[in-house]
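If you read the sequences in order, they're chains A and B. Going by the numbering used here, the first residue of the first sequence is number 1, and it counts up by one from there. Going by the numbering used here, the first residue of the second sequence is number 1, and it counts up by one from there.
No lab work stands behind these hints: they were computed from the structure. Misleading hints may appear alongside valid ones.
[Stated by the list, open to error] As a list, the in silico EDC-like pairs of lysine to aspartate or glutamate whose alpha-carbon atoms are at most 20 Å apart:
no.	chain 1	residue 1	chain 2	residue 2
1	B	279	B	176
2	B	96	A	324
3	B	101	A	322
4	A	323	B	102
5	A	108	A	142
6	A	401	B	131
7	A	323	B	98
8	B	279	B	260
9	B	101	B	131
10	B	213	A	211
11	A	323	B	131
12	B	96	A	322
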Amino acid sequence: MSDVLVLNGRLVDPANRVDAPHDLLLRDGRVAAVEAPGTLNGVQAAETIDAVGMIVAPGLVDVHVHLREPGQTYKETIATGTAAAAAGGFTSVVAMPNTVPVNDTVAKLEWMLDAARGSVVKLFAMPAATIGSMGAKLTDFDALRNAGAVGFTDDGKPVLEDQVMRAALVAAARAEVPVSQHAEDTRMTGGCSMNAGPVAFRLGLRGMPVEAEARIVDRDIQLLREIERADGLRPHLHVQHVSTARAMEAIRHAKREGLHVTCEVAPHHFALTDEAVGDYNTHAKMNPPLRAEADREAMVAALLDGTADCIATDHAPHAAHEKEQEFERAPNGITGLETALGLALRVLHRGHGLPLARVISLMSTTPAGITALAGRGALGVGHFADVVVFDAGAEWRFDAKASRSKSRNTPFDGAEMLGCVKATICEGRVVYRG
Amino acid sequence: MREASEVVAVSGSRYAPGSLLSVAHLTVDEVSKILAQTARIAAMQYGARSQILAGRRIALLFYESSTRTRTSFELAAKSLGATTTLVSDKSSSIEKGESLKDTGLTLRALGAECIILRHPASGAPFVLARETGLPVLNAGDGMHEHPSQALLDLRTMLTRLYGAERATAVDERSLDGITVVITGDILHSRVARSNAMLLTRLGARVILCGPAKLLPEDALGLAPGVEIERDFDRALRRAQVAMMLRIQRERLAGLELDLDDYISRYQLNGERLAASAPKALVMHPGPMIRGLELSGDVADGRQSAIEEQVSHGLAIRSALLARALGANGF
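Using the sequences and the hints, build the whole thing.
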C-alpha cells in the first residue's frame with residue numbers, strides 16, 4: 001500500500017495526550033511515524049495532504065448507524081452509508097442489526113462485513129441480542145463474537161423482558177462485549193409519535209413520556225447490580241441515544257456506584273428540542289424523540305461533564321416517500337453522519353467551550369473504547385491509519401441535496417455547521433476529500 | 001446553560017394563501033375579515049351568491065365520517081356556485097393503499113382548486129398542503145384542530161352575546177370579560193384546541209374542565225389565558241359560555257373511564273345549569289350524546305345555541321371557501 005503524508009497540521013490525539021503541530025507518515029494502513037513539523041519533509045509519498053491550519057485527529061467512530069443493507073437498499077446501502085460516513089469524517093461505523101432479515105446469525109454477519117458490500121470505511125456490526133430481535137431467545141453470542149460482533153443489541157426496540165435482558169448481559173459479559181440497549185418501555189409508548197408535553201398536546205399527537213426511557217435504564221442498572229453480586233461477572237451496559245435528564249441522572253449515579261455503564265448522545269438530542277416538530281415536520285421525528293429544552297440542556301451538561309461517554313449519530317435513512325406522510329405514519333429516524341461533527345463543534349465547542357480534544361474524545365477515542373476497536377481511536381505509531389483532517393473554524397451550511405447518503409431525511413438541511421472535513425483517511429486510503 | 005437560541009434553527013414551510021390549517025395561522029385582522037365576509041355573503045341574494053365561485057372546483061376529501069362539517073362545506077360550496085366532488089376513504093383508491101400525497105395530486109390533476117380535508121391523523125392537512133401546493137381547508141385533523149368550528153363558534157357567541165350586528169368584526173378585546181368553559185374530553189378534542197387558541201386571542205378566558213385522564217396539565221400550554229378547573233360546578237359559576245364535548249370512545253385507546261362517575265361529575269343537566277349558570281350560553285360542536293355529556297332538556301332548552309352553531313357553520317364555511325379560492329373581493 002502506498003504511503004501518505006499528512007503535513008503541517010495540529011494533531012489532536014486525546015488517547016496519547018497530544019495537542020500540538022505534528023506530521024504523520026501513514027504506511028501499509030498503519031501510522032508509521034508521528035514527528036515534529038518538518039522532520040518528514042524529505043520522505044517520498046504517493047500522496048501528501050497539506051493540513052496547514054487544520055486539525056488532524058483520529059478518524060471518527062460512530063457506534064450507532066443504520067445502513068439498511070440487506071433488505072432496504074432503496075433507503076441506503078452499505079456503500080452509500082459509509083460514503084456519507086467518510087464525508088462526515090468517520091473511519092469506523094457500527095451497523096445496527098435491524099436489517100431485513102435481522103442480522104442474527106454468523107452467516108448474516110459475515111455477509112454484511114464482506115468486502116463485496118463495498119464499505120468505504122471500516123465496518124463493524126452489532127448483531128441482534130435475540131433471534132429476529134423478537135426479545136425471546138438469545139442469539140449465539142460466542143459464535144457471533146468470534147465472527148466479529150462488537151456488541152449485541154435489538155436496537156429499534158428494547159430487550160424488554162427482565163430475564164432475557166439479564167441473560168443477554170451475562171452472555172455478553174462472558175464474551176467481553178457490551179449489550180447496547182434501546183431504552184424504551186414500549187408498554188408506555190404505544191401509538192406515540194413524539195415527546196410527551198405541551199408541544200405534543202398542542203399538535204394533538206400522543207406523546208412518549210420521559211419515564212418510558214428511564215424505566216428501562218433503571219431496570220438495566222438494577223440487573224447489572226444483581227449480576228455483579230450473584231454471578232461474579234462485570235457486564236457492560238451501553239445505553240443508546242439517551243434523550244432525557246431523568247435517564248442521564250440514573251446513568252450518572254450508576255457510574256458513581258462503579259457499575260460498567262456507558263452511554264451515547266445523538267447530535268439531534270443536544271441540538272434540537274421538540275419545538276422542531278413545528279408544523280409536523282417528519283424530519284424531526286425519531287425515536288427516542290426530540291425532548292424538552294431542560295432535557296436538551298441535560299444532554300449538553302452530560303457531554304461536558306463526561307457522564308455521556310460518546311456522540312453517536314443513530315444515522316437512520318428513509319426514502320422521501322416514507323417521510324412525505326402523515327406524521328404518525330412516517331417512520332422514525334434521520335440521517336446524521338454528515339452533520340455530527342459540524343453540530344458538535346458548533347453547539348459543544350463554540351457554544352459551550354468544550355475543548356477540541358474533548359470533542360475528538362467523544363467522537364473517536366471513547367466510542368472506539370466502548371466497542372473495543374483495537375488500534376483505533378488513537379494515532380500512535382502502529383495504530384491503524386484512520387485519520388480525519390478538518391478545518392475547525394470553517395462555517396458552512398449543510399445542503400441535504402449534496403449528501404452522499406441515499407436519503408435526505410434530515411432536519412438540518414440549511415443549518416449552520418462549524419468545522420468542515422477536508423480529508424478522511426481509512427487504513428491509509430484517502431476515502432474522502434472536501 | 002445557554003438560552004434556546006443555540007438550538008439549531010429549522011426552516012419553516014410555506015402553504016398556499018387561503019389555506020386554513022390552524023387558527024394559529026390567522027391574525028386577528030384576518031379573523032375579523034372572515035367574520036365580515038361571512039356577514040356579507042349571508043346578506044347576499046341567492047343569485048349573486050351563486051356567482052362568487054361559479055365554475056370553480058372544490059374537492060372534499062374525507063377520511064373520517066362527518067355529518068355537519070361535510071354537509072355544510074358541501075352546501076356552502078354549492079351555494080357559491082362551485083362544483084364539488086366528494087372522495088371518502090371507504091369508496092376510493094385510498095382503500096387500495098394510495099397515499100395522501102398521491103390522492104391529493106390526483107385531485108389536483110382533475111382540476112380541484114381547493115381541498116377540504118377531514119383526516120384521523122393530526123397534521124394530515126399540512127402534508128396535503130405541502131405536497132399539492134393547493135389551498136387546503138382543515139375540516140378536522142385527528143386530535144389537533146378544527147379551525148372552521150372555532151370560527152363558527154365565535155360567530156355564534158358574538159351573535160348571542162352582543163347581537164348579529166356586532167358579529168361582523170373582532171379585535172384583541174372583543175371577548176374581554178367573557179369566560180368560556182369547555183368541558184369533557186379535552187385530550188382528544190380538536191374543537192377544544194382550536195377554540196382555546198382562538199378565543200383567548202380575542203380577550204376571552206378559557207377554562208378547561210374534565211378529569212385528569214381527559215385533561216392533562218399539558219393543556220395549559222395551548223395559550224395564555226387558559227386555565228384548568230376540575231370542579232365543574234365551580235367552573236360553571238364563572239361561565240358566560242358552557243361548551244360541552246363528547247367522550248370520543250373511538251380515540252380512548254385503552255383509557256378506562258367510569259361513565260357513571262363521569263356523568264355525575266361532568267354532565268350538564270337542567271339542575272346544574274339552573275343552579276350554577278342560569279344565564280350561560282350552552283354550546284356543543286356535535287355529535288352530541290344526549291344523556292351523557294349533557295341532558296336532552298338542556299340541549300333543547302332556551303340557553304342552547306346548538307342548532308344555531310350549525311347554521312353559522314354554513315355561513316362561515318362559505319366565507320372560508322371564497323377566501324381559499326381568492327374570489328373577487330374576498
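Quick rundown of the hints versus the structure:
no. : hint          : verdict
1   : B:279 - B:176 : holds (18 Å)
2   : B:96 - A:324  : holds (18 Å)
3   : B:101 - A:322 : holds (11 Å)
4   : A:323 - B:102 : holds (14 Å)
5   : A:108 - A:142 : holds (15 Å)
6   : A:401 - B:131 : holds (18 Å)
7   : A:323 - B:98  : holds (15 Å)
8   : B:279 - B:260 : violated (27 Å)
9   : B:101 - B:131 : holds (6 Å)
10  : B:213 - A:211 : holds (17 Å)
11  : A:323 - B:131 : holds (12 Å)
12  : B:96 - A:322  : holds (17 Å)
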